[in-house]
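S.K.: Sequence:
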Amino acid sequence: MRLSIAFRYAHRTHAKTQRSTTDAIKVLNPENRFMPGNTAVSHPAARKFSSNTGSSSSETVASFKSHPRKIDGPGYETIIGDVIQRSREELKAIKEIHQGIKPTLAIIQAGEDDSLLEINKKMAGKIGLNMMQICLPRQCTESEVLEEILRLNEDSRVHGVFLHLPHSLLSSTVRNAIKPKKDVDGVSDLNVGRVVLGDQREGFISPVAEAVLEMLTRNDAALVGKMAVLVGVEGPLKVTLQFLLQNNGMVVQTCQWHSEILQKQVQESDVVVLLETGLDGIPPTWIRPGVPVINLGFTLARENPDSWDHGIEADISVGSLSAALRMQHVVRSSSRWMQEQQYQPWRLRPLKLQPLSPVPCDIEISRAQTPKPITRLSEEIGLLPEELEAYGSTKAKVHLSLLDRLQHQPDGKYVLVAGITPTPLGEGKSTVTIGLVQALSAHLKLNSFACLRQPSQGPTFGVKGGAAGGGYAQVIPMEEFNLHLTGDIHAITAANNLVAAAIDARIFHEATQSDKALYNRLVPSVNGVRHFSPIQLSRLQRLGINKSDPDALTSQEVNSFVRLDLDPEKVTWQRVVDTNDRFLRKITIGQANTEKGHARQTQFDIAVASEIMAILALTDGLADMRARLGRMVVGSSRNGQPITADDLGVTGALAVLMKDAIKPTLMQTVEGTPVFVHAGPFANIAHGNSSVLADKLALKLVGEEGYVVTEAGFGADIGMEKFFNIKCRTSGLRPNVVVLVATVRALKMHGGGPNVTAGVPLPKEYVDENLQLVAEGCSNLTKQIQNAHLFGVPVVVALNIFKTDTQAEIDLVCHIAKNSGASAAVPCYHWSRGGRGTVELAHAVKEAASQESHFRFLYSLQDPIVEKIRTIAQKVYGADDIELSPEAKTKIDYYNEQGFGALPICMAKTHLSLSHMPQKKGVPTGFVLPIRDVRASIGAGFIYPLVGTMSTMPGLPTRPCFYDIDLDPVTEEIKGLF
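If you're matching positions, the sequence shown starts at 1 in the numbering used here and goes up one per residue.
Note that these hints are calculated values from the structure, not bench results.
Check before you lean on any hint, since a few could be wrong.
The calculated lysine to any residue pairs, modelled on SDA-like cross-linking and capped at a C-alpha distance of 20 Å, are [said to hold, decoys possible]:
#1 K181 / S171
#2 K264 / G232
#3 K445 / E380
Pairwise CB distance ranges, derived in the manner of DEER restraints [as the list claims (entries may be wrong)]:
#4 Q919 / H843: 36 to 44 Å
#5 I587 / R959: 24 to 32 Å
#6 R367 / K596: 39 to 47 Å
#7 T217 / R367: 55 to 63 Å
Ideal placement from N, C-alpha and C gives every residue a C-beta, glycine not left out.
Starting from the given sequences, assemble the full structure and let the hints guide the process.
M.R.: Written out as C-alpha cells, the structure is:
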C-alpha cells in the first residue's frame, strides 16, 4: 500500500471548552453497557472543569510540515490493524487457558471527559476488552487519586491503570503508586528506568512513545544516525521517548521552548517532536523541507483545527495508534497475570550455616542466624504477594486461595516422621523433620517443606520447654515459634470459651424465664419487625418446623424452639486455658449470688485439648470448618438428645473468631528453608498431627518432584496410626514413606535400662556402650516398623545420634532395622551439623519415596465401633483382646443410635507404652486392653475410647522452665528458652 503523507506546521491554540458533569465512576464493557453488578456511583462533589487536562498520556495528533513528500510503506490504518490483530490473537490464546478472564483497563481522570473514553473504548471493543472509567472531581486531591490507585492495584479484575489527570496531580508519588505490572502507560519510575537501561522485556513503554517510534520506523526505516529534537516540558514521556529513540540508533536532543538554541536544534534535526506547543509556535522557516514535525499536544487538532495550515494531503492521529498499543499492553498484562497464577519454579537461596563445636544452646544458634525477610522467602517458593499476610518480618499467614490457584498442580511426595515409643530421654522427631528438609532443600537442591504443629505455651513454661527443634536443625526465630506465634491458640481459646459461656448462660436463662419471655428475647422486635436469624432458621428446620414468620409458631413450637433443656450433669464441654494449671482440673462455677444458685462442677483443659483445635487440624476450608464447628456436641438434653453448637446459635461467631487461625503460618529453618506451622492437637485424646491444610498447601508449592515432611505426635503406635486412619481419610492424601526416628539411649530403656530422673545425671547404662540393652530394645523399633507396614508404606529408620553413642551400637541398630524390613537405616547428625548431617537420610527418603505406594487403611469405617477398637488394639498394640466397661458399652450403643458409628477411632491411651501400662517398655504381650469409657468429637469427626485415666490439664513441676526465662529490658531479647 502506498500512502502520501504531508508534513505541516501548527500554531498553539488556547481554546478551551467548558462542560458540566456529574463526577462518577463508570464501568463499561466494549459495547458501552454497564457491567453486571456495577452501577454508576455519583461523587458527592460535582465540578465544572476544562477539558484541557494536560493528560500524562495525552491523546495525540501528528501534524507535519507543509512540504509534502511521498513515502512508501503501509498506511497508519494498517499499522493500527496489525496491533489490533496481534492483541486479538494473544487474548484468544489467554482465554483458551483461562476461560473466565476478562482483561480490564481502568482510567482515572479528573472530571468526566468522555472524549478520551471514546477512542479507548473503540479500541477496547475491537479487541474484546473491558473498560472502567473512574471520574474524580475536577479539583480532586492527591490523596483521592492515591486511594483509587491502591484500590485498583488490589483488584485482580483490573490489568491496566491509565492516569488521565492534570500535571499538578501527576507527582512522583502518584505515578509510582501504580503497580508496575499494571502501569500500561509506562509512567512509573521503574518502567521509565527500564527504557533508559534498554531492558524492555518486562514492564511497559509509554504507548505514545511507542506510537511515535512505530510511525517513524514504518515510514522511514533508516533511523540510525538521524537527529531528533524533543521540545517541551520534562516528564516521563519525554525521558521515555528520548531513550527509546536513542536505543533505536537516533541522536536525540531535548530543548525547552524558552531555550536560546531552540532554533539551531530545530534547523539541524531530521525529526521534530513537540511534547507541547510553544506559546508563539515555531516559525516555518526553522524547519527544513520534508522534516516531520510530530505534535503531541492534546488540544491542537481537537479544539482548534482552523489554526492548521491547509493544503495538506492527510492528517494522521497518533491517538488511535497509542490507544491500540495501550490495549495491547492490557492484554499482555493479563497474560503476565495468568502466568503468575501458574506454578512458579522455586528460586530458594538457603542461608549459610557454620556449625560450632561444642554446639551452643538452641537460642544462641537461633539468634546467630539472621532469618530472611518472610516476603523474600515467599517469593522464592512461588507465593504471590496477595497470598501472604505478614505478621512482622519473619512469619506470615498464607491464604487458602493458593489451593484454587494451583488446583491443577500435581502434589509432591508425602513423608511422615514418626518415632518409636517415647521415653523421657526423647527421640527428636522434630529435629529429624527439620534436618531432613534442610538436607533436601539446602544440600540436594530439591524443593521441600516441613509441616509442624504449633507448640502449647503450657509445656513451654512447664517442664518440656520449646518445640522448635534443636541445635542446627530448628525453626527460627525460636522465640516467635514458641510464644504466641500468630495467635491461633488464643483464637481457639476465645472460641472454646465462648461456647462454654453460651452453654451456662442458656441453662441459666431457660431455668429463670418462661417460654414467652425467652422467645421475645431470642427473637426480639426491632423497629416493630421480628425475624429469625439464619442460624435460628436452621434450628427450626432441624426441629421439623418449616416456618419463617416468628408470629406463626404455635405455643408448642415456641417451646421446642426456645428450650434446649441441657442437663447440667451431662455437659461435656470444658473451658480451656493455654497454661499448665493443676488446680483447674476440677472447679465449681456459678457461685455468685447473681447466678441464683445455678452452680455446677466442671473443669479446665489445656487449650490444645479443645475439639476446636482438632477441627482446625482436620478441616479443608472455611465452609467445612464452619460446618464442623456447628456439629460439635456440647452435652445432652434431659431426654438424651445431643445438643450442638448450632443449637446454641454460636456457630457463626466461632467461624469469625477462627477465620484467621485457619491460615497456616509460614516460617523458616535455620538454613532458610520453608516451614508451615499450623494446629497442635493433643496426640492422646485427639490425633496429634499438624493441619491438613498446611500439608495440602505445601504439597502444591513443592511441585511434583518436591517433598513435604510432616510429623506425627508421640510414638508410631499413636501418632502414625491416627495420621493414617484419621488424617489421611479426611484429607484424601496418601503418604509415600515413613521416617521412623529412634535413639540408642531410648532403645536401651526399652531394652530394660533403668528409669531416669530430670536434673539427675544419666545412669552409666546410657553413657557407656551396652550392646545387649540396645539389641533387646530394638524389639520396640521392630514392632513400629511392622506397624507402618500394616498400612503398606515403606520405612526409613533415622537414628538420631548422640555423642555418647558408640559405632558398634549405631551399626547394631541399623543392622536390626534393615533385617526388620526397613528400606534403609541411617545415622543422623543434624543436631550438630544441620542439613549436611542428614544428607544420607535425604537420599534414602528419596529412594524409598520413588517406590510404588501400596497404602491401605487398617479398618473399614463401616466396621462396628467395637471391631475397629479391637483391630487397633490387637494389630498395632499387640493386645490379646479388649475389655469394655459397662459405661463404654452404653456409650457405644448411644453413638450407634445417633448415627455416629461410621466415624474413625482415635484411641486415648498412654504414649509411654504400647500397652495401657506406662511402665511396660519394649513390646508388652499377653495383656487385655481395658476401655474405660468412649466419647465422641463429632465436629472433629472421630470416636475416642479412653484407655485408663487421661489428664487433659498438665500441672507445673517443682521447678518449672519459667525460672530460667527472662527479658532484657534494654535489648528486649528473651533469655532462657530452650
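S.K.: Evaluate each hint against the coordinates.
M.R.: Now for the hints, and whether the structure bears them out:
1. K181 / S171: 19 Å, holds
2. K264 / G232: Between K264 and G232 the Cα gap is close to 16 Å, so the pair holds against 20 Å.
3. K445 / E380: 13 Å, holds
4. Q919 / H843: 36 to 44 Å: 39 Å, holds
5. I587 / R959: 24 to 32 Å: 26 Å, holds
6. R367 / K596: 39 to 47 Å: Given a distance of about 55 Å, which is not inside 39 to 47 Å, the answer is violated.
7. T217 / R367: 55 to 63 Å: 60 Å, holds
In summary, the one numbered hint that this structure violates is 6.
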